[in-house]
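Going down the list, the protein sequences come from chains P and U.
Going by numbering that gives the first Met the number 0, the first residue of the first sequence is number 0, and it counts up by one from there.
Going by numbering that gives the first Met the number 0, the first residue of the second sequence is number 0, and it counts up by one from there.
Simulated from the structure, these hints should not be mistaken for laboratory data.
Hints are supplied without guarantee of correctness; some may be wrong.
Said to hold, decoys possible - Cut-off 27 angstroms, straight-line C-alpha distance, at most; resulting in silico cross-link-like pairs (DSSO-like, lysine-lysine): (1) K622/P / K111/U; (2) K561/P / K408/U; (3) K414/U / K474/P; (4) K111/U / K273/U.
As the list claims (entries may be wrong) - Listed next, with one range per pair, are the computed distances between beta-carbon atoms: (5) G223/P / P365/U: 40 to 50 angstroms; (6) L399/U / A677/P: 36 to 46 angstroms; (7) R63/U / D135/P: 36 to 46 angstroms; (8) D685/P / R420/U: 24 to 34 angstroms; (9) R547/P / S417/U: 23 to 33 angstroms; (10) T337/U / A248/P: 47 to 57 angstroms; (11) L413/U / F546/P: 53 to 63 angstroms; (12) P306/P / Q294/U: 25 to 35 angstroms; (13) W683/P / K408/U: 49 to 59 angstroms; (14) L11/U / W424/P: 26 to 36 angstroms; (15) H92/P / L11/U: 34 to 44 angstroms; (16) E375/P / P372/U: 55 to 65 angstroms.
Note that the Cβ used here is the ideal one computed from N, Cα and C, for glycine as well.
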Amino acid sequence: MKLPRLLHRSTSPKTALLTFCAIALLAAGWAGHASAGDAGAGSGAPATAPATTWNGRWSEEVLELVATIPVQSQGRVKPLHTWAGFALLGSNHRRSCKDADGNKLKPLEWFMDAVFRPEHSKNHRCFLIATTEVLDAIGLTEDVRERRKIKKRDRYSYNDLFADEKDRRKLQSLAADFHKVDAKKRTRVEMGIVMLETSVRMLEGLNHLVAFAGVQMPVSEVPGMGERFPAGTKAGFMEILEATPRLHALVKSERGAMDPHAGHGHDHGAKDPKLSKQGQAADDVLTGAFAAVRRSLSIGMFPPSGPISQEKQWFAVTDVVGLSTLRGMLDPGHLEAMRVLGDMAASVGDQRQFTAHLKDYHERVRKMAEARGEYEKIEQEVAFYQLDPFGKSLVLYLIAFALLGVTWLRPQWRWLEIAAWGLVWGTLALHTYGIVQRCLIRDRPPISTLYETVIFITGTGVLTMLLIEHMGRHKVALALAPIVGALGLFIGARYEVLKGTDTMPQLVAVLDTNFWLATHVTAISIGYCAGLIAGLIAHVYVLGKVFRIKQDDPGFYRVVGKMVYGTLCFALLFSLVGTILGGIWANDSWGRFWGWDPKENGALLICIAQLAILHGRMGGLFKTFGVCQGAIFGGMIVAFSWWGVNLLGIGLHSYGFTSGVMRGLMIFYGIEAAVMLAGTYAWWRDRPKKKAVAA
Amino acid sequence: MRTFWQKFIDFLGSFELAFALLVLLGLVTFVGTMDQQNLSLYDVQKKYFESWIVTSPVPMFGGRLLLSVFFVNMIVGGIVRIRKGKSTLGILISHVGIVALLFGSFIEDQFKTEGQLTLWAPERFSDINGNGVFDPGERFLDSNNNGRFDDGESGAQYRDPDTWEVAVTELMPTGAAREYVVPQEHFEKLEDGGSTRYQHGQLPFDVVLSGYARNARPRPVTAGEARDGIGLGGFVLASRPAVRAGERARNWPGLVVTLQPKDGSRAQATLLCKSASESQGIIPWPVRMGERRFQVDLRNRVWDLPFRVRLNRFVHEKHPGIQMAKEYSSYVTKFQGTRATDLHITMNEPLRHEGYTLYQSGWGPPPEIDPNPSRLYSTFSVVANPSDQVPLWSCLVIALGLLIHFMRKLVLHLKAESRRRTPKPQGEMA
């Protein structure tokens, strides 16, 4: 009650308007900051920046080329732009990090530094440590932290954390222990340790990705190489790699067919009595070559030369070297690609040279991928992430809400209302464009992951609100539409950060069906959406009653009540049909229509709640107020079905488990329970008065 | 003055009852869902959803009772007594759809059989015994002589890994076998004590089952128990707690079988106990009665298929570079009479034939047991469900009904809104 009085007393309409705009713009800025979207590599310096202007930052030309290099990771081929974005997001909970001078780096800049300037990258603050207990656990005591200026939960660089090698070993050892603990049972600190180790290991893997380029070995006793590299000189890694099939054949012939692989690759330095002096030298070189790449990150960089039907897995640097040293198999295309990669590493200081080698590498890999039909979506995906439609939509929804807020204070500004309406529609168009782009990139219906349910349900929610507004023109749904959009996309962005992994993953075999994803999943998600929307509109009714807003306008409450009822009917249609379709899918997959699995029960609970509300209303057990209270409760059940049952960690649908969601869910339940309690109090408070009036 | 029965019928078809049933059904569904963290899915189904009354953690009506009454409520209130007209046409249709769905579920509950069929590739027939073919004989008996299996052409068999049966097999001198089977639902009630006698005219003895335990292991009798004459062959069944959700172990049942010869000679008895390792279980039990030879076994329930299936090739593919499965596919040949048909069974695309459906459900050997198997096996879930397609048709009917109803409501609402926005004539305003 104090807030409205304060505004009435001390705030003129102009001041209120300015304050509102300021708050909205701040919120928009904050949301944009919180969004996991990438502002895009192309949004900085012009792409025409000359390659020779090397000043410690990678040129836009280099970054644009690197963005569209295809790699294979987590079972799919994707642009390096996507890979780097999610790698940094997983490590730093942001798609950016800062270098030692405080400069903000984009994911590809971080990636390029990590690969081609390893020592430099060790000063980048790219590790988010959520709790100082993690620092305690890895042995960074208070005085050490004081000395290294590490004081609180923050983002740290490799050198901040591991100035002492024993700290690194401690982390490794702890993570190995905590890996044995079931992921769902790990404490916050244990989870932090495991995640930190994963991130650190990834950075180390990147640091070693092209380390082979600097490797040189004495080969004077190796047959066929001694002439070119006599004693006192060393051969470069690429000369050695080129010779590996021949050296492997030599070792194999001396060992016989019994076990051509034994003796190198695993037991460095061991002598094999079966080998001659030359054979032993060749074997040592093979062992050394493999050891040179052993620590590099295992990411598929080189497409197989054969068709995709025969070989699906791409080759990492370790695979190429491993196959040549252990089996004598070396693809000439991979050899050349690795040679160019080495040339890039050797020319880091010379931007012009580096860019030329990069172009060469890009061209080679692109052609190999294109020949297999695996490049066609790469540029589209880069464009999608660079546009960042969901991050931008989030900001635009907030701006639209701010504009609508202004129209409440200045109702005579009709043009502003039309502009706000147009902005919501425009933002929804951008939002929808993002969803369509994802469908095209994945060749999938709109929803196949939990993340996509958030994006889709949000878009459907905004559309539903706009349609309701179009039917009634009461401005209630119009005001709620951008709130739904912003809130939903904010949750999506937070979820993306929480997961920290590619949101376009491959699907398990049972989900690999576009028909059921398009029918059951879409229908049930629309049901979720409508159930939540009904609950949201019901808040207007209940909170209006609680705070006695528009008490003298019963028509307002009648309209809101109708909206809730209509949306509930819409929700029931999709929830019921979606749930039964899910049963039919289960019948086709597992041989039973209904198995009382938690996810199935969650969907059933939604249907039951909606049916109960509608039957209670038809039976005269309660009226509009009861319907609205029921709709809020129904929203809680939707949240239980959508997120809650995944947290139980049981059942056939446990693929949706996400750690860290519980807190958000509990906050939601708490707020909704408070609204319902307040509503019940208002009903009790106002009831006697109605009787008195009637008397 | 309305009679009691009229009031009762009114109550049965009332909105109030429908509302109460929905609330109670929601409650039991929620508690049953949460309890899956403690109990296995099977136990939760039995306790909450296939029961009439739930006694713990709080007393409440069970799912079976609620759904039964709901079924009646919907027929009485939602179909028979509902006001018939344009305004209720959609509701009526959707009620018919839901009733059909519930009826289909009832049919499934009563008549569905399911099990598993494991085939090795290549050239391995689905006859699980590998050699020879069972004479199907008479496969079921109890004192009421109901539930007899059809005699017919022997075919492939499939097993239900979750339910058990006691099989008395007579081994014929010709090499054939004749089976007499008591399914689990007949003896699981013995868990609380007591015994049941089964008879058949072809058998020279009566079969008495007792001492059933859902999860048990045999253990040697103690000296005290031996003194008191407890135990069979020096063993007793030690009951164990039932396995809960999330545990890798499973329940292994045990019971006491007593064969009482009809000629009055001395009865013979033994413990039958199944175990994860065949060597630990006391099965099967060979028995000789005069010249006739029998064996008594406690085994997973076995069903017959009217056709044979041969696995030609099994494909298990992962997504590149990760352990996530991309595809499980079985390429099979179905034999029926002289006809052979090549078919493909994969996830979401089962084989449906003659009322049976074969689903891709597993494969092996697991890599941790055999990293480089010379051949793979494929496991199918086999389901015979007379109401297999009822949910699909019900879904279409319900969707149609709800669409009709809500579209009508929407049109009426839009008309009302249009009227509201149209300016009223001057005279009316005055």
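Verification of the hints:
1. K622/P / K111/U: Status violated; Cα separation ~43 angstroms.
2. K561/P / K408/U: Between K561/P and K408/U the Cα gap is close to 11 angstroms, so the pair holds against 27 angstroms.
3. K414/U / K474/P: 19 angstroms, holds
4. K111/U / K273/U: 25 angstroms, holds
5. G223/P / P365/U: 40 to 50 angstroms: 46 angstroms, holds
6. L399/U / A677/P: 36 to 46 angstroms: 41 angstroms, holds
7. R63/U / D135/P: 36 to 46 angstroms: Once the Cβ atoms are compared, 55 angstroms apart, the range 36 to 46 angstroms for D135/P and R63/U is violated.
8. D685/P / R420/U: 24 to 34 angstroms: 31 angstroms, holds
9. R547/P / S417/U: 23 to 33 angstroms: Since R547/P and S417/U have Cβ atoms about 32 angstroms apart, the given range 23 to 33 angstroms holds.
10. T337/U / A248/P: 47 to 57 angstroms: 56 angstroms, holds
11. L413/U / F546/P: 53 to 63 angstroms: Taking Cβ atoms as reference, L413/U and F546/P lie about 31 angstroms apart, which means the hint is violated.
12. P306/P / Q294/U: 25 to 35 angstroms: 56 angstroms, violated
13. W683/P / K408/U: 49 to 59 angstroms: Between W683/P and K408/U, where Cβ atoms are some 32 angstroms apart, the hint is violated.
14. L11/U / W424/P: 26 to 36 angstroms: Because 50 angstroms falls outside the window, the suggested range is violated.
15. H92/P / L11/U: 34 to 44 angstroms: For H92/P and L11/U the Cβ distance comes to about 58 angstroms; the hint is violated.
16. E375/P / P372/U: 55 to 65 angstroms: 37 angstroms, violated
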